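J.: With chain A's structure known, arrange chain B on it following the hints.
If you read the protein sequences in the order shown, they are chains A and B.
Counting from 1, one number per residue, gives the positions in the first sequence under the numbering used here.
Counting from 1001, one number per residue, gives the positions in the second sequence under the numbering used here.
Be aware that one or more of the hints could be misleading.
[As the list claims (entries may be wrong)] Here are the in silico distance ranges between beta carbons for each label pair:
| hint | chain 1 | residue 1 | chain 2 | residue 2 | range |
| --- | --- | --- | --- | --- | --- |
| 1 | A | Gly51 | B | Ala1276 | 49 to 55 Å |
| 2 | A | Lys84 | B | Ala1187 | 27 to 33 Å |
| 3 | B | Ile1265 | A | Thr280 | 21 to 27 Å |
| 4 | B | Lys1207 | A | Ile250 | 38 to 44 Å |
| 5 | A | Ala276 | B | Glu1047 | 51 to 57 Å |
| 6 | A | His65 | B | Glu1251 | 45 to 51 Å |
[What the hints assert, rightly or not] For lysine to any residue, the following SDA-like pairs were computed, each having C-alpha atoms within a straight-line distance of at most 20 Å:
| hint | chain 1 | residue 1 | chain 2 | residue 2 |
| --- | --- | --- | --- | --- |
| 7 | A | Lys240 | B | Ser1214 |
| 8 | B | Lys1023 | B | Ala1002 |
| 9 | B | Lys1271 | A | Leu268 |
| 10 | A | Lys30 | A | Gly51 |
| 11 | B | Lys1271 | A | Lys30 |
Derived from the structure by calculation, the hints contain no laboratory data.
From a predicted model like this one, the values you see are computed outputs, not experimental measurements.
Beta carbons are placed, not taken as given, at the ideal position from N, Cα and C, and that holds for glycine.
Protein chains: 2
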Amino acid sequence: MAESVKVVVDAMGGDYAPVEPVKGAVQAVKERQDIQVILTGDKTAIEKELGKYQDIPKDRIQIVHTSEVIETAEPPVMAIRKKKDSSIVVGLNMVKKQEADAFVSSGSTGAVLVGGQVLVGRSKGVERPPLAPLIPTKKGVSLLIDCGANVDARPSHLVQFAKMGAIYMEHVVGVENPRVAIVNNGAEEEKGNALVKETFPLLKACKSINFIGSIEARDIPAGFADVVVCEAFVGNVILKLYEGVGATLIEKVKEGMMSSFRSKIGALLVKPALKATLKTFDASEHGGAPLLGLKGLVVKTHGSAVAVEIKNAIFQCVQFKQQRINEKIAERINDQEQSTSEPA
Amino acid sequence: MAESVKVVVDAMGGDYAPVEPVKGAVQAVKERQDIQVILTGDKTAIEKELGKYQDIPKDRIQIVHTSEVIETAEPPVMAIRKKKDSSIVVGLNMVKKQEADAFVSSGSTGAVLVGGQVLVGRSKGVERPPLAPLIPTKKGVSLLIDCGANVDARPSHLVQFAKMGAIYMEHVVGVENPRVAIVNNGAEEEKGNALVKETFPLLKACKSINFIGSIEARDIPAGFADVVVCEAFVGNVILKLYEGVGATLIEKVKEGMMSSFRSKIGALLVKPALKATLKTFDASEHGGAPLLGLKGLVVKTHGSAVAVEIKNAIFQCVQFKQQRINEKIAERINDQEQSTSEPA
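Bound-form chain A, shown alone (with noise of 0.2 Å):
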C-alpha cells in the first residue's frame, strides 16, 4: 500500500462548518486507506457531526479541540497573532512541526495565506509562495498562478511560479509537458507591461518548463494554456471575473429563459441537461486552490464548498505527498537560480 498521508481539516472554516468539512473528512478516510485526518476546532461540535455516521474506521479520524475560531473579516495578521488556539493556527503549527503533511480549510484566505508563510514557512529557495487555483476551461482546468496576497511580484517570482505550477499540473492533475504561458495584453512578443517584458526572456530560458509565449485574457477560457502565470493582482482579477461574468451570464439566460411562455415550456426540458453542462465550467467547482512553495502543504477551499470539494481537496494533499512534489520543487528551484541570474 502508498505511503499513508495525515491531513489537517479545519471543521471551523467555511458557511457549511462544521456539517460539511467533516462529511467530506469521513467520507476521504473511507473511500481510501492511506489517509488519516485530524479535525481541529469545537470538539463537542464535531464529535455531534461524527455522531452522524456508521462504520468511521476510528483509528484514521481524529479531533483535535481547539477554543478559537478566525471569522472571515478579522484582519489576517493580527487573528493570527493572537487566536493561537483557532482551529486554523493550531492546524499549521502541526503541518509546520510535521505532525501532519497537509492543512485543508474553507476559512479566512487571509488568514490562510498569511499562516502558512508565518506558521509554516517557505521551503528552501522560494521566494514568495503562489496560492494557485484551478479554473474551468472548455477543454478541462488549468492552473492560475498566483492569486495571492502578495502583489507586484518580480520577475524572479513570476518565473519560480511557472516552475511550481508545471511540477503542480504534472504530478497532482496529471497533464503531461503541461503548457505554460504568461499573461500578455497581445500575443505578440514585444507587448507586455514592464514586468511582463522583463520576465518573457527568462521564461525562455527555462529548459525546465514546456514555455508556450504570452496569453491573451480571452484565450484563458479556450484552455490555450495549462498553466497560467500572472502576477496576483492580475490573477486576483481574472479569477474574480470568471466568477462575475458566469454569474451574470448564467442570470441573463434564465432571464431569456423566463421570457415567454414558449421560452418557459423550453426552459423546463432544457433545464437538467443545461445544468450539469453548466457545472463543468464552475470556478467554484474545482474547489482547492494550493499554497505552493511551503514546508508543507496547504490548501484553501472556497468557503462555500461542500463535502465533495473538502473531499477532493484532501486527495489532492494525499497525490502532493505521494509524489513528493516539494522534493520536486525544491530541485527545480536550485536549477532556477541559474536561469534567472542569466536573462536571455
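T.: Same frame as chain A, now just chain B:
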C-alpha cells in the same frame, strides 16, 4: 437645428470593409440631418458601395480617395509613419487640421491608437489619452477606462482617466452623477498594488467625481460602477476575459442543449428568447470605444463591426461634439492639477 458635425469614417477598416462602414455611414446621414460623413478609402470601391443605396443626401456624404490600407498585422508606429496615404492617416489628419470633428475606424487598433496620439495630438493638460470601451453589465453598460496600448500608468494618469470617464458617461451616455470605482483585489481600503494604493487617496480627494471606492472584478459585470478605472494592462485583461468567458460559456450552453433529445426540443423553444437576451450581454455589440483626451474625437469600433455599430459610433461622435466634451475635459483636467499635487 443643432450644430452640424463632420465625421470621417475609415471605409477600408475592419473585416467587412468597405461594405459595412459605407452602409453605416449611409444610415447615419439618412437618419439625422445634423451629420456630414467623409469616407476615406478607395474611391472606386466606395462609389460601388454607395451605388447600392437610393436617396442618399449627396451633400452630406463625400469621398476622400486614399491609395493605401494599413493591415491589422502591421507594426503600428511604422505603418502610421510610412503609409501617409492610408485611410487611417488621411482621416486622422483631417481631424488634426480641424477639417472634421471626429474619426471612426474598425481598422488596426494599434494604428488608430498611435495615430490618434501622434497625428491628432493630446488636449492641453492630458498626460495620456485612454481608450475607453463600453462593456455590458446586468444593468446596462459601464465605461472601462483604460484599455489602450500604453501600459504601466502612473497615479496621475488614473485620476485623469476617472475624470474623463465620468464626463463621458454623464454627457455622452447620459448617466447622471456616474459612480466611479477603481479596480482592486479587494474591497477594503488597505488592499491594492502599489499603483492602486497611491491612486486611491487622490481619487478620494477629487471633488468633481462621484468616487465610490474599490471595485472587485467580480462586481464589474453586476454593474456596481459606471466608470471602471484601471491601468491599461488590467483593462485589457478585463475586456478580453469578458469576451473569452462569454464565448466559452455560450458554447457550453449550446452543448448542454444538444446533449439529449429532450433538451434539443427545449432548445428550439428557448432559442429566440435566449438569443435576444444574450445579445444585450455581448461586449462587441457596444461597438465604439472612444480614445479620449485628444484634440478631436477618435472612435475605434471593433474589427467585426457591422453597419449599425458604425452608425452608433457616428452618433456618439455627434453627441460628443454637441455636448462639448472636449471643452469639459479641458476644464476638469486643469482643475485636476490641484488635487493630484495635494494627495489627501
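J.: Now tell me if each hint is right for this structure.
T.: To see whether the hints hold, each was checked on the structure:
1. A:Gly51 - B:Ala1276: 49 to 55 Å: For B:Ala1276 against A:Gly51, whose Cβ atoms are near 53 Å apart, the range 49 to 55 Å holds.
2. A:Lys84 - B:Ala1187: 27 to 33 Å: Holds: the Cβ-Cβ distance is about 28 Å, inside 27 to 33 Å.
3. B:Ile1265 - A:Thr280: 21 to 27 Å: Holds, at about 23 Å.
4. B:Lys1207 - A:Ile250: 38 to 44 Å: 39 Å, holds
5. A:Ala276 - B:Glu1047: 51 to 57 Å: 55 Å, holds
6. A:His65 - B:Glu1251: 45 to 51 Å: Holds: the Cβ-Cβ distance is about 49 Å, inside 45 to 51 Å.
7. A:Lys240 - B:Ser1214: At roughly 14 Å apart (the allowed maximum being 20 Å), B:Ser1214 and A:Lys240 satisfy the hint.
8. B:Lys1023 - B:Ala1002: Measuring from Cα to Cα gives roughly 24 Å; hence the hint is violated.
9. B:Lys1271 - A:Leu268: With Cα atoms ~13 Å apart, B:Lys1271 and A:Leu268 stay inside 20 Å; holds.
10. A:Lys30 - A:Gly51: Distance ~15 Å between A:Lys30 and A:Gly51 Cα, so the pair holds.
11. B:Lys1271 - A:Lys30: Violated, at roughly 45 Å.
Going through the hint list in order, the structure does not satisfy hints 8, 11.
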